[in-house]
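J.: Sequence:
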Amino acid sequence: MDALTLQKIRALGGEGILNEKDLGELAAATQGVLALMADGDWHRPSEICYAAGGFKREAREGLRRLRELRRFFIVDKERSPGSGREWSYRLAFRKAQ
Numbered sequence: 003m004d005a006l007t008l009q010k011i012r013a014l015g016g017e018g019i020l021n022e023k024d025l026g027e028l029a030a031a032t033q034g035v036l037a038l039m040a041d042g043d044w045h046r047p048s049e050i051c052y053a054a055g056g057f058k059r060e061a062r063e064g065l066r067r068l069r070e071l072r073r074f075f076i077v078d079k080e081r082s083p084g085s086g087r088e089w090s091y092r093l094a095f096r097k098a099q
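If you count by our numbering, then the sequence shown holds residues 3 to 99, one letter each, in order.
If you are wondering where the hints come from, they were derived from the structure by calculation, not from laboratory data.
Each hint should be verified, as a subset may be incorrect.
Unchecked claim - Capping the alpha-carbon separation at 25 Å, the derived lysine to any residue pairs in SDA-like fashion look like this:
no.	residue 1	residue 2
1	K23	G55
2	K79	D43
3	K79	A30
4	K79	S48
5	K79	E22
6	K79	G34
7	K23	K79
8	K23	Q33
9	K23	D43
10	K79	A40
11	K79	L38
12	K23	G42
13	K23	L38
Nothing here was measured: the structure is a model prediction, and the numbers come from that model.
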């Protein structure tokens, strides 16, 4: 494993847990979430989870990928209308400084 790959694994907090294959899967999941959220509309966790890799993943996996996007975007959240406890999320672009 090269130094850059090891650095990425450490940055994700997965040293000893993640491997090179995992990095590719995580990148693909993040890209899927970004593709969904790029429209600027509100999305429920189930949609985000599906975009992160389908229903085979736990709901929190999609939200973890969304968390990674906070480095580049603002992630807004609000309670979904009529849902009681469920939240919806959307991306907003950060203004250049």
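J.: Indicate, hint by hint, whether the structure satisfies it.
T.: Here is what the structure says about each hint:
Restraint check for K23 and G55: the C-alpha separation of about 15 Å stays at or below 25 Å, so the hint holds. For the given pair, K79 sits about 11 Å from D43 by alpha-carbon distance, which is consistent with the 25 Å threshold. In summary, the hint linking K79 to A30 is supported, as the alpha carbons are separated by about 23 Å, within the 25 Å threshold. The suggested pairing of K79 with S48 holds, with an alpha-carbon distance near 14 Å, which does not exceed 25 Å.
Between K79 and E22, the direct Cα distance comes to roughly 32 Å. Violation of the 25 Å bound is thereby established for this hinted pair. Among the hinted pairs, K79 with G34 is consistent with the structure: their alpha-carbon atoms are about 19 Å apart, no more than 25 Å. Proposed proximity of K23 and K79 is contradicted: the alpha carbons are some 31 Å apart, above 25 Å. Between K23 and Q33 the CA atoms are separated by roughly 16 Å; this keeps the pair inside 25 Å, and the hint holds.
In summary, the hint linking K23 to D43 is not supported, as the alpha carbons are separated by about 31 Å, beyond the 25 Å threshold. Under the criterion of a C-alpha separation no larger than 25 Å, the hint pairing K79 with A40 is consistent with the structure, at around 15 Å. Only pairs whose Cα atoms come within 25 Å are accepted, and K79 paired with L38 is accepted, the gap being roughly 15 Å. Using a Cα cut-off of 25 Å, the hinted pair K23 and G42 is violated, with the two alpha carbons roughly 30 Å apart.
About 23 Å separates the Cα atoms of K23 and L38, which keeps this hinted pair within 25 Å; it holds.
In the structure shown, a violation is registered for the earlier hints numbered 5, 7, 9 and 12, in ascending order.
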